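Combine both chains into one complex, guided by the hints.
Note that the protein sequences, when read in sequence, are chains C and W.
Numbering-wise, the first sequence is residues 1 to 272 according to our numbering.
Numbering-wise, the second sequence is residues 1 to 264 according to our numbering.
Don't take every hint at face value.
27 Å max Cα-Cα, derived DSS-like pairs, lysine-lysine [to be verified]:
1) LYS75/W with LYS158/W
2) LYS258/C with LYS139/W
3) LYS264/C with LYS75/W
4) LYS7/W with LYS158/W
5) LYS182/C with LYS197/C
6) LYS182/C with LYS122/W
7) LYS182/C with LYS126/W
8) LYS122/W with LYS264/C
9) LYS120/C with LYS217/C
10) LYS197/C with LYS139/W
11) LYS75/W with LYS7/W
12) LYS197/C with LYS159/C
13) LYS139/W with LYS182/C
14) LYS159/C with LYS139/W
15) LYS197/C with LYS258/C
16) LYS159/C with LYS182/C
17) LYS158/W with LYS122/W
18) LYS111/W with LYS182/C
19) LYS7/W with LYS182/C
Source of the hints: derived by calculation from the structure; they are not laboratory data.
Source: prediction; values computed, not measured.
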Amino acid sequence: MAAITDAAPVARTRRSPLRFLGSVSPAFWTLIILLVLWEIAVRITNVPVYILPSPSAIALEFVDYWPRLLINAGVTLSEVLIGFICAIFIGVPLAVLVTYSRAAERSVYPLIVASQTIPKVAIAPLLLAWFGYGLTPKIVIVVLLSFFPIVINTVVGLKSSSAEMLYLAQSMGAGGWQTFWKFRLPQALPYMFAGLKLATVLSVIGAVVAEFIGADKGLGYVIVVAGSSFDIARQFAAIIMISAIGMIFFAIIELIEKFVVPWKHAAVITSE
Amino acid sequence: MTDHAVKPHINISQVSKTFRGRQGEVQALREVDLQIQHGEFVSILGPSGCGKSTLLMLLSGLLPSSRGKIQVDDKIINGPNSDIGIVFQQDVLLEWRNALENILIQAEIRKSPMDAATARAKQLLKMVSLEDFEGSYPKELSGGMRQRVSICRALLHKPRLLLMDEPFGALDAMTRDQLQLDLLRLCSDDDMTVFFITHSIPEAVFLSDRVVVMSPRPGRIERIIDIDLPRPRRLAVREDPKFIKYTRELTEIFMGLGVFREEV
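Next comes chain W alone, as it looks inside the complex (with noise of 0.2 Å):
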């Protein structure tokens, strides 16, 4: 926020989205700026119906917005945008191909050479540990381990930015764990921006650079909290005072806007 030096990898301004429903017009963006760096991790956190989902899809160039400009680079968006990665709540898995077949969709798509996008898939299944699961259908995999399928197809093309509608909100608590874990690894080497949508407040401020916090009716953009916690992070950094900081602060943000009410 503060690097104005640096051009953003990201930028969002006066960004609103409408929707047409059948009782009339829903507006789930209102206004919202954005700027992002390349290399950040930024999660965005809000209740069900903020349209943190919404702004994954304007930023994918899958929807477009009622009003306002989104930039990636050089680049306005206004179709869809292929120069990212993204993986959604459901993994997504094309159920007839394989494990590494289904990593490798995205290089047959993209038509890249197939024998480097082979030795990349095997090298990122190995990193989630699924290096003996190359052979098996989506239908023999376990839902943690399909989902760790769906982010290696995501990255197999080295994008520049990454984006994840709530992946880990299907997941068991310590699949979960788990696969945070995971992507933290996958993420640490290259200079990949990730765009994370989650409501889950520990798991947002375990990723990321920074947190996007949204309210509710229309969508728009509440506070950003910097977490200035050290990486790599480990899950004990959980048990860290500065972590437990940060989780209590947003829980009262949440209940500043009414999200939660608690009844003495």
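One chain only, chain C, in its complex shape (with noise of 0.2 Å):
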């Protein structure tokens, strides 16, 4: 009994609705008073909806137009995380190689760094021209755009062991391959999975913008669309469905990243 009325002043104070209030994101406050701001700016100035419509007026088209909405977004991320995979099975071993061999350091590196001056979009008409206008040029943009971090990050974090820990690893009797698996790549997991989050956000934007060039489904596709005749609300529902592609997949990588990267989120103390 006694641990029980212990328990109980604890559980209601976390039921109960202010608490509740207060426990979520301020962020998302902030968020609901920018809609009420924007409903309310809308109505009162009578601004055509093919100019701005109003939240709710997106809201009811985002419901009207949910499974045509669904269906693109399903081909969307399909190239999303087609590209993503290519991009990390693409950039780790290149990553490797790089660290690992002074010549591709040399000959190599440079060129993937200066590679990225080369804005996507422009090449993306290319890729059309090469690939058609079927998946591989969506996907070969989402690699384009989210390899990049994954090179360099993995590189930072291989090279990122200190000369101790390898001397210390030789003074084991370990070889390349043990230092590697047991010393080099669990150190460069959390600058790998920094990575891995930068690439979510731009492989996203990568198959959109791919779409927007050439492409007879998908949200870019939505988009180009419902702006060719004037239809703002649905390019919102659009615009609502690529963040929350892009939300979730980032939020995945990172619940991935707390599994296989547990002591990146171990509680810290500074004293005896």
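Have a look at this one:
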């Protein structure tokens, strides 16, 4: 009984509505306030719906158009995921090569860095000419955009092992393979996840941009078509969908990070 | 030094080391000769830049010497020597492993039986009063605790030779005292040779059987002093007149070398 009465106040405060309001991120409330202001402003000024629809109009459109939105989101999502995975499979081995081979570091790495000055949007039409209108050019653009942070962060991570750590490995008689798996790679993981998280955002941008240039499905395509008929609400609905994909994707990678890199989140104490 | 009947554990003869820097060649060590017996605790004492860390790197085989010969037992060192334990000033704990796993990496890399290694690791943790922290990640440990784990890691495989490069240099004075005591306790049961680098005169005297004084640029051995103080050593030994005599003697050597300058 004593234990129950002890625990009760904690449970009660946690369930009270006021406590709930406080526990939700302040950013959420800022967003709500901005949406309300937007709604009021549109209603007072009577802006035409083809210029700026109200949040409620957008919400209605979102619900109405939901089935088509979902199908197109699936198309965009598959481009994002395939491209992202390809970027990992290209980026990580490339980073290992650059880390271990001085020749690769001097011959390949500068080109990778320099390639980032090329605006991807500018070469999208070229990719269209080469790969047609299908899935391939979209995946290529997603890879081009997202593999860079993966490569850079993996290289930085693999090089972050201190000289002492490598000496230590040698003093235990560790070979190159053991040094890589037991020392260098785990040491690089937090850096790699930073790169992956950047890559999620970039891969979504890549897929949508690729769909702008030439596509007959996907959320980018929805935006282009809705734009040509001044259907601003539908454009907003697609934008919300794109943001949702980006946020969920980012959150999933962050969740995986918590499992793979748990030590990064360990509590810190400073004195004995 | 005097006991020529027993073959020394470590024989460093005429060892020099030159680094090629941007401003030409820099001689870090010049014609160093040193013999160390089994089970001896030898401190290398000297100011920054006297090449003491270089000497440790040569002894571990992690750096090649430019001239001379280093022999550990019957083995001439010409590549990484894995029959050693090594402790650096930085604890170099692996952030992704808890304290116990950090110690056990030694056994994993050496492919030793894990059951025995785990038992020994736990016993070592107990000896440095960290038995309640075996599941803690390095981030959750203080500097002194981390360095203790790093010492346990170096001792897991019962090395015949323990190399320590200013292991307590980054710790506060009180933690340092505690770790010196921990180290002496850990070293006492095994017939293990300790090669200990420091720039603290009291630390060298407190821990060692012999103190090797090095002078800077190029690093060479200036003097070797036998420390005749009883073991096991307690903190109170630092008030012993003999202890004070040794520290004064060492201070005077460094004053003679121009390492210390007193303005009156």
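Each hint tested on the structure:
no. : hint                   : verdict
1   : LYS75/W with LYS158/W  : holds, 18 Å
2   : LYS258/C with LYS139/W : holds, 16 Å
3   : LYS264/C with LYS75/W  : violated, 42 Å
4   : LYS7/W with LYS158/W   : holds, 21 Å
5   : LYS182/C with LYS197/C : holds, 24 Å
6   : LYS182/C with LYS122/W : holds, 21 Å
7   : LYS182/C with LYS126/W : holds, 26 Å
8   : LYS122/W with LYS264/C : holds, 25 Å
9   : LYS120/C with LYS217/C : holds, 20 Å
10  : LYS197/C with LYS139/W : holds, 23 Å
11  : LYS75/W with LYS7/W    : holds, 13 Å
12  : LYS197/C with LYS159/C : holds, 20 Å
13  : LYS139/W with LYS182/C : holds, 18 Å
14  : LYS159/C with LYS139/W : holds, 21 Å
15  : LYS197/C with LYS258/C : holds, 13 Å
16  : LYS159/C with LYS182/C : holds, 14 Å
17  : LYS158/W with LYS122/W : holds, 14 Å
18  : LYS111/W with LYS182/C : holds, 13 Å
19  : LYS7/W with LYS182/C   : violated, 38 Å
Of the numbered hints stated above, those contradicted by the structure are hints 3 and 19, listed in ascending order.
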